[in-house]
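What follows is the residue order along each chain.
Number of protein chains: 4
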Amino acid sequence: MATEGLGFLGLGIMGVAMAKNLLKLGVPVCVWNRSPEKCDALVAMGATAAKSPAEVILKSKITFGMLADPAVALTVAFGPGGVVESIMPGKAYVDMSTVDAETSMTISKAITEKGGRFLEAPVSGSKKPAEDGQLVILAAGDESLFNDAGAAFDVMGKKSFFLGEVGNGARMKLVVNMIMGSMMTAFAEGLSLAEKAGLSQNDLLDVLDLGAIANGMFKLKGPSCIKGSFAPAFPLKHQQKDMRLALALGDEVAQTMPVAAAANEVYKKARTLGFGDNDFSAVYKAIADSS
Amino acid sequence: MATEGLGFLGLGIMGVAMAKNLLKLGVPVCVWNRSPEKCDALVAMGATAAKSPAEVILKSKITFGMLADPAVALTVAFGPGGVVESIMPGKAYVDMSTVDAETSMTISKAITEKGGRFLEAPVSGSKKPAEDGQLVILAAGDESLFNDAGAAFDVMGKKSFFLGEVGNGARMKLVVNMIMGSMMTAFAEGLSLAEKAGLSQNDLLDVLDLGAIANGMFKLKGPSCIKGSFAPAFPLKHQQKDMRLALALGDEVAQTMPVAAAANEVYKKARTLGFGDNDFSAVYKAIADSS
Amino acid sequence: MATEGLGFLGLGIMGVAMAKNLLKLGVPVCVWNRSPEKCDALVAMGATAAKSPAEVILKSKITFGMLADPAVALTVAFGPGGVVESIMPGKAYVDMSTVDAETSMTISKAITEKGGRFLEAPVSGSKKPAEDGQLVILAAGDESLFNDAGAAFDVMGKKSFFLGEVGNGARMKLVVNMIMGSMMTAFAEGLSLAEKAGLSQNDLLDVLDLGAIANGMFKLKGPSCIKGSFAPAFPLKHQQKDMRLALALGDEVAQTMPVAAAANEVYKKARTLGFGDNDFSAVYKAIADSS
Amino acid sequence: MATEGLGFLGLGIMGVAMAKNLLKLGVPVCVWNRSPEKCDALVAMGATAAKSPAEVILKSKITFGMLADPAVALTVAFGPGGVVESIMPGKAYVDMSTVDAETSMTISKAITEKGGRFLEAPVSGSKKPAEDGQLVILAAGDESLFNDAGAAFDVMGKKSFFLGEVGNGARMKLVVNMIMGSMMTAFAEGLSLAEKAGLSQNDLLDVLDLGAIANGMFKLKGPSCIKGSFAPAFPLKHQQKDMRLALALGDEVAQTMPVAAAANEVYKKARTLGFGDNDFSAVYKAIADSS
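Chains as they are written, first to last, in our numbering: chain Z, 1 to 291; chain A, 1 to 291; chain W, 1 to 291; chain L, 1 to 291.
Fair warning: there could be bad hints in the mix.
Same chains, same names: a pair is fine if it fits in one copy or spans any two.
With a cut-off of at most 25 Å between alpha-carbon atoms, the simulated SDA-like pairs for lysine to any residue come out as follows [what the hints assert, rightly or not]:
1. Lys128 to Asp209
2. Lys127 to Glu37
3. Lys91 to Gly115
4. Lys196 to Leu245
5. Lys159 to Leu220
6. Lys158 to Gly125
7. Lys158 to Ser200
8. Lys196 to Arg244
9. Lys241 to Val253
10. Lys24 to Ser144
11. Lys237 to Ala248
12. Lys196 to Asp100
13. Lys219 to Asp209
No lab work stands behind these hints: they were computed from the structure.
Produce the complete structure using the sequences and hints provided.
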């Protein structure tokens, strides 16, 4: 890591936690947020605040972004006072937002055309891992930037991957979420079958937890499915969107995915039944409910 | 556990290991096997050998069976010199073989009609857990017998469940294997999609292993799928049979299971392609292969 | 056709109509029915009535049966005064009931062991075609009997097929019903998609009816789906049973059938929703309904 | 129909036949084609030729277009000398090309903003029905234009539908093709199951053809599947694209379509196996083939 400073754009729940961890590196950190009052806590800890993304870029060797969605990521990049305005040779931008491959490629093109370096680096993990510096970072794009950002990734995450060309970070997230979505549906089928076949659902959870397919998701979602509690950690409509996008990716490369396709239709049924804003584990309702 | 002795029928790979663990209880253990020379090792360790299942029953308060398949389990129960011949009030039989619910119910009926007690108790786990006394025991049937067999289960397994009426042990195994079979197919789809989409399959395995759906099966089967190595730990044709039986159970109780149904068709395709005797992870071949 | 007489067992809605057509051949016809009063109409038209299936066999060169289901077919064959009692060389039995391959094979074995000839000959078509002599006859078993029964088949049906060994008649019906069941589900998906996408369902029916996939089922079931009228012509639970049996046949011969498997799960869902006794077109409800 | 003339853009196989039929109305017909020599035959029959789409629009009250694909349709509308250049109040454009809803809506917007009237009117039917004036016309957009074009539709088609807002023509085609694609896959499953189960595939075709689901597609594609002849009438890759687009439409409106989703995955598998340029009935190969 160079002795020059780091920048951070976007101080939502995730961003605040990640920026705080950057301060541990002992280099200057310059932050920006749409609502400027969110910067106060960071400033109190030693960061400086800037008035625009462009200003952060100018003051930092490497700037990280953690924005809410593709639309915000595009605005922060291309809007007035945005990243692209002041990017130049010697400057680098690492977009850690969860966006689609196309959005990443659009931002990448604009930045590299002006001589800057770009990395997409979506993360896996939510608030707690962000605070604990235990995120998993899926980076893709400029490999020299991946190396230069290594110390920063080390304080924000427990592990960072370099996945090749821009877009691969987004694609990797899709593949992982697709497997997760199919697994959750298979799990819902098993839970519901157990009950209808006269078995105890809690026994099933205990048996599963002792075997080769024991995993954190079953442990977490099993009891809440049984209770019928579906407060959204990851909203079902977003899971379904990821299933759809993964299937679209499969379509593009002619990969047959019959299980994911079947699971996707169950998520769609769950949306029709009104569970789109519930947790994705509410797919259980589309499997279990009768008249 | 009563001070009287225990019996053990069937000294295959699993049975030998389980019977050895029973010897640790310090009570007399009487064993029988179709090929009598398999008894020698146990006798050397302090067991006595009997000439028939019926003789074991007579000499033991509780007799355990670990037979190869439903046909053998039925022969040992109903054949000449079989369990049913000498079962009577005060005697108990625990069939730990993996059989279907109907086979268990047939044996149960014959034993209880003669005044004996019966428990089906299929296990989850193979050779190593059997040797280490780390099996998971899925018992169903006579609850007083479950309690009386507690000390024996404790030396053979790490955990034993009482699941209710006879048949529920078999049903629980089916539900677990169905979830496993769907998961494996979803995993195969993800692995193959990753490759076609230009991602590294090893990166995918690493990313999965750091997240909420990390599990032993992905860890074990992922590298072997990538290598194309499908030496049978659990043969694909048996996994497909379990998918079919789980779907039949779902049919009986009107439980829709679209993901399991889709996965089952992929296992059938894999059978058609000639992978029935390979490991069930060879379902990957039916997903990944092109012309 | 020999100059000797014909027999007919089972005078339900179908049987009465079929037996009446046999009278047109101008040979003696001997009939039997469990409730003997059902014979009166036939007797008035020139038939004679017998007191048991065995008596019909004795009086007839070829006897036809049209029984309600496999259980009745087995009783008529094996019960006291049943077909098997008096079957002998020179006698022949043609079972036109809709039964599974195994039932047919059981009856066939008993009859051929006593020197008789046997043919299974399930029909496609209901009351009206039976009356009009327009059934489609799916015969399998003894080919010489198929030829000897030709004149009788000609007055009962518009077309008869000889399909080979006993069981093939039942199997052919399963294959046809499986295609029908998948088609109906695909049709339901299209009907429901049309409505949600803002198209007129009646326009869709009209467009379909002008194209290459126009068929009688769409013409018949389309308007009733739109009206939500599902009076049972062919009960959904029977259609689902046929899907299940066809999938089981596919399992046996390792034939992958992902579309039939997906459709079967929708029929199961419809059963769960309480539509088992409605017409099979009520699968539309499992596809179309939302919260 | 007004006494003023009609225009026709695009004289491919379909367009030539359709324009010839327009001549029967006895009104002036002005034609244009990218390769001008294609106009000669029409001119010989009494049409006049123009140098650009814009010129045709100027000379005609209603102009019809039949272009190869969305890209050509957009070029003919928006390119230099295109339809939009000279459209104005009193002029009307009917695009009969097969394009997606979005393309139709883009062209519609441009035309109506300049005061013209627009109708999308994709057709069902190929060369022969085009020559015989037996197309099915799926029109949507300006209803007054639909009425004004009635006489023209009557000579080109056997039936025309007005389906509401622009985009509905494209959507109706998708729904119909989705049902067709699922049906073809179900049919392939039945054909292959028949063979593996020891039934004659030709018998199956004959039985199907006598029943309620008899239809032209089974009659046409059945024998060619059996022969393994898949010369493209409708290429598999286009059928798969339509399945994908129909599923995307279902996604948009939250319509679950498990059978179409399963069928789509089979088409994708068939693409992977190299059958994308064969007839869509080659989906049979993905169902039937073994190792």
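Quick rundown of the hints versus the structure:
In this homomeric assembly, Lys128 and Asp209 come within 25 Å of each other (Cα to Cα) both inside a single copy, at 24 Å, and across copies, at 18 Å. Proximity of Lys127 and Glu37 under a CA criterion of 25 Å is satisfied intra-copy only: 20 Å inside one chain copy versus 62 Å between copies. With identical chains, the CA atoms of Lys91 and Gly115 are at most 25 Å apart within one copy only, with a shortest distance of 8 Å there and 51 Å across copies. Proximity of Lys196 and Leu245 under a CA criterion of 25 Å is satisfied inter-copy only: 15 Å between copies versus 33 Å inside one chain copy.
In this assembly of identical chains, Lys159 and Leu220 lie within 25 Å of each other by CA distance both inside one copy and across copies; the values are 23 Å within and 21 Å between. Taking CA atoms no more than 25 Å apart as the test, Lys158 paired with Gly125 passes inside one copy only; the shortest distance there is 10 Å, against 33 Å between copies. In this assembly of identical chains, the alpha carbons of Lys158 and Ser200 lie at most 25 Å apart only when taken from different copies (20 Å versus 38 Å within one copy). Taking CA atoms no more than 25 Å apart as the test, Lys196 paired with Arg244 passes between copies only; the shortest distance there is 17 Å, against 30 Å inside one copy.
In this assembly of identical chains, the alpha carbons of Lys241 and Val253 lie at most 25 Å apart whether taken from the same copy (19 Å) or from different copies (13 Å). Taking CA atoms no more than 25 Å apart as the test, Lys24 paired with Ser144 passes inside one copy only; the shortest distance there is 23 Å, against 61 Å between copies. For a Cα distance limit of 25 Å, the shortest separation of Lys237 from Ala248 qualifies both inside one copy, at 16 Å, and across copies, at 15 Å. Within a single copy, Lys196 and Asp100 get their C-alpha atoms only as close as 40 Å, which misses the 25 Å cut-off; across copies the closest is 18 Å, which meets it.
Taking the shortest alpha-carbon separations for Lys219 and Asp209, both the intra-copy value of 7 Å and the inter-copy value of 16 Å come in at or below 25 Å.
Hint check: no violations occur; every hint is consistent with the structure.
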